[in-house]
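Undergrad: Spelled out, the chains give:
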Amino acid sequence: MSGHDHDHSELSETELRVRALESVLTEKGYVDPAALDLLIETYEKKVGPRNGARVVAKAWADPAYRARLLKDATPAIGEIGYAGRQGEHIVALENTPKRHNMVVCTLCSCYPWPVLGLPPVWYKSAPYRSRAVADPRSVLKDFGVTLPQDTDIRVWDSTAEIRYLVLPMRPAGTEGWSEEKLADLVTRDSMIGTGLPKDPK
Amino acid sequence: MNGGQDLGGTQGHGPVKPEPNEPVFHAEWEKRAFALTLAMGMPGGWNIDMGRFARENRPPGEYLAMSYYQIWFAALELMSKQRGLVADDEIEAGHSLHTPKLVKRVLSPDDVLKVLHRGGPTERDTNTKPAFNPGNTVRMKNINPATHTRLPRYVRGHIGTIERVIGCHVFPDSNATGAGENPQWLYTVRFAGRELWGEQGDPTLTVSIDAWQPYLERA
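Chains as they are written, first to last, in the working numbering: chain G, 1 to 201; chain Z, 202 to 420.
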């Protein structure tokens with residue numbers, strides 16, 4: 001017996017099974033490995049929170065776009081070229097000094113892929129999914145965020161095929177900034193509602 | 202089903218652990234499991250609700266102990282086996298041992314971006330009118346199906362307000378069992394935090410879910 005047997009963890013078990021299933025499915029002609037590579041490349045390199053940041057920056061810079069986004073986000077986001085799987089029906093949620101929005105999927109991992117990419121591990125985890133709807137301020141604390149005690153918190157549980165994108169408040173001191181520069185302030189978490197945009201200073 | 206996936210309001214899971222500079226995938230196998238799951242939807246012929254049920258339908262302890270891509274992969278294996286696309290001895294061998302089943306379509310590299318861009322919209326035409334309007338008070342039904350549902354336990358029996366009529370959408374409870382899309386009116390329903398969590402609830406909290414008409418009754 002080799003010493004490596006001790007490392008035969010559950011993870012490597014999974015690794016082996018995934019490899020085995022991929023071989024079987026490929027040999028049977030059900031999947032084309034080149035399509036798999038393209039799917040991975042798309043979500044690893046092309047579709048991510050930078051997309052959402054462009055949407056938010058445009059809404060900050062262009063009041064007419066902001067109005068379109070808040071009225072019907074799917075076509076407004078489509079204008080910039082983002083659409084499709086897990087973003088078929090998107091709603092934008094406006095943060096204001098009086099109201100902070102936070103998005104969760106308590107039942108699985110629903111997340112607006114075309115604008116945010118694939119969800120981070122914490123978004124799919126039991127701690128987030130359990131507590132976001134019951135005690136969002138304690139969740140925000142885990143992210144190092146404290147909101148004023150009188151800010152209303154609205155939590156959106158994505159139980160259907162509607163996907164939610166938070167439109168955070170534009171930071172003060174960014175007057176006259178270009179959309180490109182504004183987009184650099186928009187964090188992924190600020191579009192989920194577990195964070196705030198970066199401080200421009 | 203009242204399974205491990207229905208997590209809203211459950212306790213004892215510990216802190217949320219954000220990961221700075223988190224990579225999209227944490228291991229090579231996660232990439233393959235993710236892509237296989239997306240690509241197999243076409244030849245597999247299952248819908249998103251069947252997929253969700255295959256993921257959640259396991260002992261809660263198991264569900265909570267697995268990583269999310271492990272859950273995805275387990276569901277993919279299960280659905281592939283259930284439909285006779287692969288057999289246990291093949292997964293064991295890591296090779297095809299039996300004649301492939303005829304499948305309708307396979308995802309080709311040329312179609313990937315088109316298929317992703319199109320997505321799977323769930324809104325459907327209807328000649329019915331929604332039974333509820335914004336501002337109506339509703340009670341969430343107390344249902345406990347052992348099959349797939351998108352009505353979380355933490356709102357069942359509670360009083361909420363219709364905020365928005367979203368449209369007529371595929372009804373997961375039917376779609377997941379193969380009983381067809383059975384489109385139903387879908388609403389955003391909001392609840393006061395204290396309606397859900399009692400006196401100790403955060404007075405500044407409002408929670409909403411998206412709920413199909415069969416989940417609702419007039420209150």
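Honestly, I wouldn't trust all of these hints.
Not everything, but these chain G residues come out facing chain Z in the computed CB check (under 7 Å) [to be verified]:
| id | residue |
| --- | --- |
| 1 | GLU13 |
| 2 | ALA20 |
| 3 | TYR65 |
| 4 | LEU118 |
| 5 | ALA126 |
| 6 | LEU196 |
The hints are simulated quantities; they were obtained by calculation from the structure and are not laboratory data. We treat Cβ as the ideally placed atom computed from N, Cα and C, and that holds for glycine.
Undergrad: State the violated hints by number, sorted upward, taking the hints as numbered earlier in the document.
TA: Numbers 1, 3 and 6 - these are the hints that the structure violates, sorted from lowest upward.
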